[in-house]
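Undergrad: Here's the letter readout for the chains.
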Amino acid sequence: MNADHHVILRVVSKGLIPIIILFAFYVQFHGDFGPGGGFQAGVIIAVAVILYALVFGVPAAMRAVPPAFTRSLAAIGVMIYAGVGFWAMLQGGNYLEYQALFHEPPGEHHGQHIGIMVIEIGVLFGVSGAMLTIFYAFAGRVAEIRDEDW
Amino acid sequence: MIEALYTAAPAWAIQHAAPLLVMVPLFLAPMLALVPSGRIAWLISIIGTTISFLFALILLYLVQTSPVGVVDYEIGRWPVPIGIEYRVDALNAMILLVVTSIGLLASVFSWPTVAAEIRKEKRPFFYSAFMVCFAGLNGVTITGDAFNLFVFLEISSISTYVLVSLGAGRDRRALPAAFNYLIMGTIGASFYIIGIGFLYAATGTLNMGDIASKLPELAGNRSVLAGFAFILVGLGLKAAMWPLHQWLPDAYSYSPSFVTMFLSATATKVALYALIRFLFTVFQPQFAFEQTAFGMLLMPLGIAAMVVCSFQAVFQTDVRRTLAYSSVAQVGYMILGVSLGTTAGLSAGLFHLLNHAMMKGALFMAVAGVVLSYQGTTIRDFAGLGRSAPWTMTAFAIAALSLIGVPLTAGFQSKLQLGFALFDQGLWWAVALVVFSSFLAVIYMGRILEAVFFKPPLNPRKARKEAPVILLVPLWILALANIYFGIAAKFPLDLARSAAAAAFGGEAFLK
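Each protein sequence line maps, in turn, to chains F and P. Quick note: the first sequence, position 106, residue 384 per the numbering used here, numbers continuous. Quick note: the second sequence, position 127, residue 1200 per the numbering used here, numbers continuous.
In isolation and in its complexed conformation, chain F is listed as follows:
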């Protein structure tokens, strides 16, 4: 484990993975003002876990982020998205009408802001969960190649 030639990969990726996830959150929350948003951020978060799986092995990744968790994450993401629609409906607006979320008069934008933010969080959950579920489904099928066989 220690004295193999992957040591540089391991060390570098250990440093990179937190930064990747941090960058994902930057993309997520900067999506309000520039390019970005839940889809891209979700993919980047999934990439962090996939990098971990590539360097440390799929079983280790599955221990850290279990497949049952990624599946649930994807499902919860969709429910958050649809839930915002129902929330707007409960407040007396149309489906997904952000303006109705806080009963604001036209010109005030808190509902618009919060609404799209919550929806993008739903997208983040959905996309990262679905990406990882797909990755596990593919990676889990093939036999593990032992390190010496490389």
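These are computed hints drawn from the structure, not numbers from a lab. Since the model is a prediction, treat every value here as computed from it, not as a measurement. Think of the CB as a built atom: it goes at the ideal place given N, C-alpha and C, for glycine as much as any other residue. Don't take every hint at face value.
[What the hints assert, rightly or not] Quick partial rundown of chain P residues pointing at chain F, CB under 10 angstroms, derived from the structure:
| # | residue |
| --- | --- |
| 1 | 1105 |
| 2 | 1106 |
| 3 | 1148 |
Please build the complex by placing chain P on the supplied structure of chain F, with the hints as guidance.
TA: Chain P in isolation, oriented as in the chain F frame:
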């Protein structure tokens, strides 16, 4: 009955009926993926389909009582050409009723067959995929936005591929069937979206009503023509229009029996609805290129489907394959009705669509019952079942007679309407071919019925094994509906007629 439901419904349910019809199942679908037990997932799926069914009834009532015959709903209150609009008129109200009622019956009967055919840990996901598919089909039907239609088409198709592939537990050939369907379905969806791209390039809008209002001044525009061709092929592929039906027989014969029943009664119908919507309300039938498409393309293809695929059905040894080929032939009848380009022809096609959902639903449900008790689906396996499972097989026989078009059944009524519509146009030879194709139906259904009722069972010790009651009740509801609507055809015929009128009322579809 519908009126009582309407008066009992709270105000919010009436105001938001259109989005709730789609969004309640779409919200329940991810929830089902989190449920640990298949049985609970089954119960939730029944709740979801019931809610959608009630909303479909409310929408039907709203459309029928509305002065303009249209219910529209702006998602997020974005005004129309910009935002996505849900728009229900008599045409989609009828299709919504078909999809939700079949979905309800299908989800009620599903548990015994799912428990027998799907592995335990996959059952909640199976129901989740079913719910996504159900929501997607409703979404395709309800939306008034051409791009939104594509999104829902993909939602329903992708979950359908999953559902078909889950038949691998019973027969590994489900996997190539699902893959084949995936490739063909994706090609169909890409063609559709390319067509929408061309229309968007020409008109600058994605709202169907808005596109329709801008098309007349673009007569002769090449991108409109290309868009029309792409949409016709794409949706034709999804609707299993001959000769683009190659994915269908495999997908229907190897998927889990519940999936076959649900898809045969809804999926191709919804794609055909989308095709009708584009042919009659987005593009108008009086456009010269559309007249050409009707006469030179759709009519020959519809006739070829009903003759060729009926022949193919005669030579099948597997009951589900026979019924699958027969489905393509029945789509041929509907396309033939549509291709006349007249109100009578379209209403005959829609009427047949309605009846075909009832009879194929009943037939595949009975087959699901047989698979449950006896495993096999070849015609030899069906021998002697009339004695060992009389209730299942009597319902099967009623639906088979309806499929053939015997008087006093629903199938007869719609073929009669189709015949009238063809005679109106002086196409007596097409009537002769419809009758000929019905004779072929007598042969292929007759082979099965002969085995069922007149042949001794393969294994004489075959015990008397009826399908469970939970399967028999929805089965008999469908079978009796076949007889009831064969005698009192007023309700479905009125539905189909007003749907055809709504499809033609291009102006009524606009604001």
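Undergrad: Take the hints in turn and mark each one as holding or not.
TA: Status of the hints after comparison with the structure:
1. Look at residue 1105 of chain P: its Cβ gets to within about 8 angstroms of chain F, closer than 10 angstroms, so that hint holds up.
2. Given hint, residue 1106 of chain P at the interface with chain F, holds; its Cβ is 4 angstroms from that chain's nearest Cβ, closer than 10 angstroms.
3. A distance limit of 10 angstroms between C-beta atoms decides the matter here; for residue 1148 of chain P the minimum to chain F is near 6 angstroms, and the interface restraint holds.
In summary, this structure violates none of the numbered hints.
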